[in-house]
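Number of protein chains: 2
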Amino acid sequence: MSTAAPHSTGQDRLWSVDEHLEDVLTAIRPLEPIELHLLDAQGCVLVEDVTVPVSLPPFDNSSMDGYAVRVADIAGASEEFPAALEVVGDVAAGQAGRLHVGPGQAARIMTGAPLPPGAEAVVPVEWTDGGLGEGPVDGMRARSLAPEGATGHVRVHRPAEARAHVRAQGSDVRAGDRALEAGTVLGPPQIALLAAIGRGTVRVRPRPRVVVLSTGSELVQPGEELADGQIYDSNSFALTAAARDAGAIAYRVGAVADDADTLRSTVDDQLVRADLMVTTGGVSVGAYDVVKEALAHAGDEDEPGSGVEFRKLAMQPGKPQGFGTIGPDHIPLLALPGNPVSSYVSFELFVRPAIRTLMGLTDVHRPTTRATLGADRALTSPRGRRQFLRGSYADGTVRPVGGAGSHLVAALAHADALIVVPEDAESVEPGDEVEVVLLG
Amino acid sequence: MSTAAPHSTGQDRLWSVDEHLEDVLTAIRPLEPIELHLLDAQGCVLVEDVTVPVSLPPFDNSSMDGYAVRVADIAGASEEFPAALEVVGDVAAGQAGRLHVGPGQAARIMTGAPLPPGAEAVVPVEWTDGGLGEGPVDGMRARSLAPEGATGHVRVHRPAEARAHVRAQGSDVRAGDRALEAGTVLGPPQIALLAAIGRGTVRVRPRPRVVVLSTGSELVQPGEELADGQIYDSNSFALTAAARDAGAIAYRVGAVADDADTLRSTVDDQLVRADLMVTTGGVSVGAYDVVKEALAHAGDEDEPGSGVEFRKLAMQPGKPQGFGTIGPDHIPLLALPGNPVSSYVSFELFVRPAIRTLMGLTDVHRPTTRATLGADRALTSPRGRRQFLRGSYADGTVRPVGGAGSHLVAALAHADALIVVPEDAESVEPGDEVEVVLLG
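Chains as they are written, first to last, in full-length UniProt numbering: chain A, 1 to 440; chain B, 1 to 440.
Quick caveat, the hints were computed from the structure, so don't treat them as lab data.
Fair warning: there could be bad hints in the mix.
Note that the list lumps identical chains together, so a pair holds whenever it fits in one copy or between two copies.
[Said to hold, decoys possible] Pairs of lysine to any residue, SDA-like flavour, derived with a Cα cap of 20 angstroms:
1) K319 <-> V137
2) K319 <-> D138
3) K312 <-> V137
4) K319 <-> P124
5) K312 <-> D23
6) K319 <-> A425
7) K312 <-> S63
8) K312 <-> D138
9) K319 <-> D23
10) K312 <-> E126
11) K312 <-> E22
12) K319 <-> E426
So here's chain A without its partners, still in its complex pose (with noise of 0.2 angstroms):
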């Protein structure tokens, strides 16, 4: 047995954050579509184009409270000479067509009823006596407290022209139109027009179900008591309301002990559940880097590709992270470093887009912006490493929130947005253009 170092190849180099990331992304594949119902559907990208199958509105309706009447049997009609016509009963919403409108004659008709036989036009309630027998009314009495108003007669005090106040049959969408197209994602105005067409389920990506584990022997359960060289388990917590911001149903597991039998039987128990799993800590030089020494030999033999490879990156925070799949399913597993802002920081570059690939998106990745550096001093960083610093972006400038250790969480719950210095430099001076990662 070596006592050397391990090697393998990906850890004899330093790689890049794209080329960590192209690895990550071409390895994750968009999740099986299945068919979800409409409400579960929120969210999630639509794999099918959706026909119209029927067309919206399905029957010619009014698109008012008022009477259905014939043309010729208002032309001319006023206030003053007011039409009279014979009320033969109503036309409510959802009802079909049991009446005929003929010459003289009106049905009352409320806004989405289907217009009746016979009748070419619609008057708004406003433009007629109301059956009252005396001025313009403004509304009709309730069926249920004026049964009267159905029937009698009414008096129309304004001509209307055909077709005037009805809505036509297929004016909004057409039988086998396009209602949607595949690709695109289901938020509540595409969930109204699929229930308006009478689709009760579609076929959706689902959310993927991403479990977060967090690694570390010194980690205590917030609310707990903090015995010496301990500190609290915040990655657990916040890269599970990371997974759900970006999309997934997440599941925390707590803080595993820095045992590499009790994290792989861990990590082997939450497989079934998992679409993506997510650790954090672990993965550094140390003697007791578990995570590390449980996942890297993970692979399947058979399988050429499998396990997880560790590497160190050229960024700050973040250098060491691992990447691979693990399981008989070769679920896709990304190693985080366990320090807080490191952790953070690098879900937002690799594990949000990966989550974000699952579900089938296009758009992965945060939104990104130049910003003006507004700072009181230059920001360093180490040459040949990408520098990720918490900042504060508003009206096209950017200011760094507390200071580079990739420990300052505190900073990290005050920032909006990551400050990048590139690799190449070593300093950024207040009023250079620095690029901006948006955080939203």
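Add chain B to chain A, keeping to what the hints say.
Then chain B, alone, in the frame of chain A:
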């Protein structure tokens, strides 16, 4: 019994959009705060100033995997003339200080482990021979595989200053500092900070429970067969999705038939799980407008100002609206028109701000911007009404999607903005500047 159409104060005049909105938001109070587990509080508004109970980090600790040493012992060390130190053991993260580092000694230390008494600095393992007696190494062997690494001797190849690679106690936050202020919305980074300082629960305003109830005897659930005169219920789906999108826990109650008793008993049943009720349909001037019939007199007679008032708004779409409170707990209720586009626009303008007010957010409205109208011809609008047209916004230009008909749910699904045509405008020309509500 009078046979005249019903009248009330609010019905006699046309309300402006702003008057109605103000009336709604003045009546709605943020929900009472409750103590929630951290991950249940995601997206909620904090109502307490959170103070740091324990400094972070809680103890001086190592920022690297390496060796904890005394500075004098490694002064002048180089690869050619290394300092040889006796390794007295390991300090792993989570271990309290059992070791003491004396002159000529070093403790192997892991990232995050407490700096042991006697030690003044940490040298990274890469600056040493890792105890192997050869050249520099790039990592440690796992403790479980090579326990001898915690004993023997290590050669250090570089000097270090006092406190090098040591994260000082309290360098992130200090006990007594303000961690987060009341009013903060809890996203992933804020949850990270709260967990890090040991808070397992926090006091926040809960997500409002919103019951969405569609009405209409013509409505059929998507997936079922349409009979003559029927259409699919889309409002209950669209507004449930929109309520969730606004931050609420939303419950959908499928179409209730146009019968006042049925509606009233359904509403009464649902009150127990509602912080806010939203109905669609049945609010206009028709004889079957049962929401109006059932709820117009549903106030508590002992409580002035309770009950639902129905009114006409100077807007298009969305003219008929109801607002008030209902039941013994005076649950706010917004009664929206039944047309899908009218109800959706009404939701965006009135219900979404109401939900966000219940959450305790200060920023309750959709963002608006000014944009140039890109269109082939002028948009027309009735004088005295504020019109909201569906639009598609990009790079300072907004283009209408579909027409002005309030039934164009297909157009809504392809819009991402509302174009606002103000009350005093009857037309807007291509190239004119218009106000735009961004639906995000």
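Here is how each hint holds up against the structure:
In the homo-oligomer, the alpha carbons of K319 and V137 lie at most 20 angstroms apart only across protomers (17 angstroms), although the nearest pairing inside one protomer, at 76 angstroms, exceeds that limit. Proximity of K319 to D138 under the C-alpha cut-off of 20 angstroms is restricted to the inter-copy arrangement: shortest distance 14 angstroms between copies versus 72 angstroms within a copy. When the C-alpha separation of K312 and V137 is checked against a cutoff of 20 angstroms, the pair qualifies only between copies, where the shortest distance is 15 angstroms, while the shortest distance within a copy is 79 angstroms. For the identical chains of this complex, K319 and P124 are inter-copy neighbours only, at 14 angstroms across copies versus 71 angstroms inside a copy, given an alpha-carbon limit of 20 angstroms.
For a Cα distance limit of 20 angstroms, the shortest separation of K312 from D23 inside one copy, 14 angstroms, qualifies, whereas the shortest one across copies, 59 angstroms, does not. Only within a single protomer do K319 and A425 lie at most 20 angstroms apart by alpha-carbon distance; the minimum there is 17 angstroms, versus 59 angstroms between protomers. In this assembly of identical chains, the alpha carbons of K312 and S63 lie at most 20 angstroms apart only when taken from different copies (16 angstroms versus 66 angstroms within one copy). In this assembly of identical chains, the alpha carbons of K312 and D138 lie at most 20 angstroms apart only when taken from different copies (11 angstroms versus 75 angstroms within one copy).
Taking CA atoms no more than 20 angstroms apart as the test, K319 paired with D23 passes inside one copy only; the shortest distance there is 16 angstroms, against 55 angstroms between copies. Taking the closest pair of Cα atoms, K312 and E126 come within 20 angstroms of each other only across two copies (13 angstroms); inside a single copy the shortest separation is 76 angstroms, beyond that limit. Proximity of K312 to E22 under the C-alpha cut-off of 20 angstroms is restricted to the intra-copy arrangement: shortest distance 15 angstroms within a copy versus 56 angstroms between copies. Taking the shortest Cα distances, K319 and E426 sit within 20 angstroms of each other inside one copy (17 angstroms), while across copies they are farther apart (61 angstroms).
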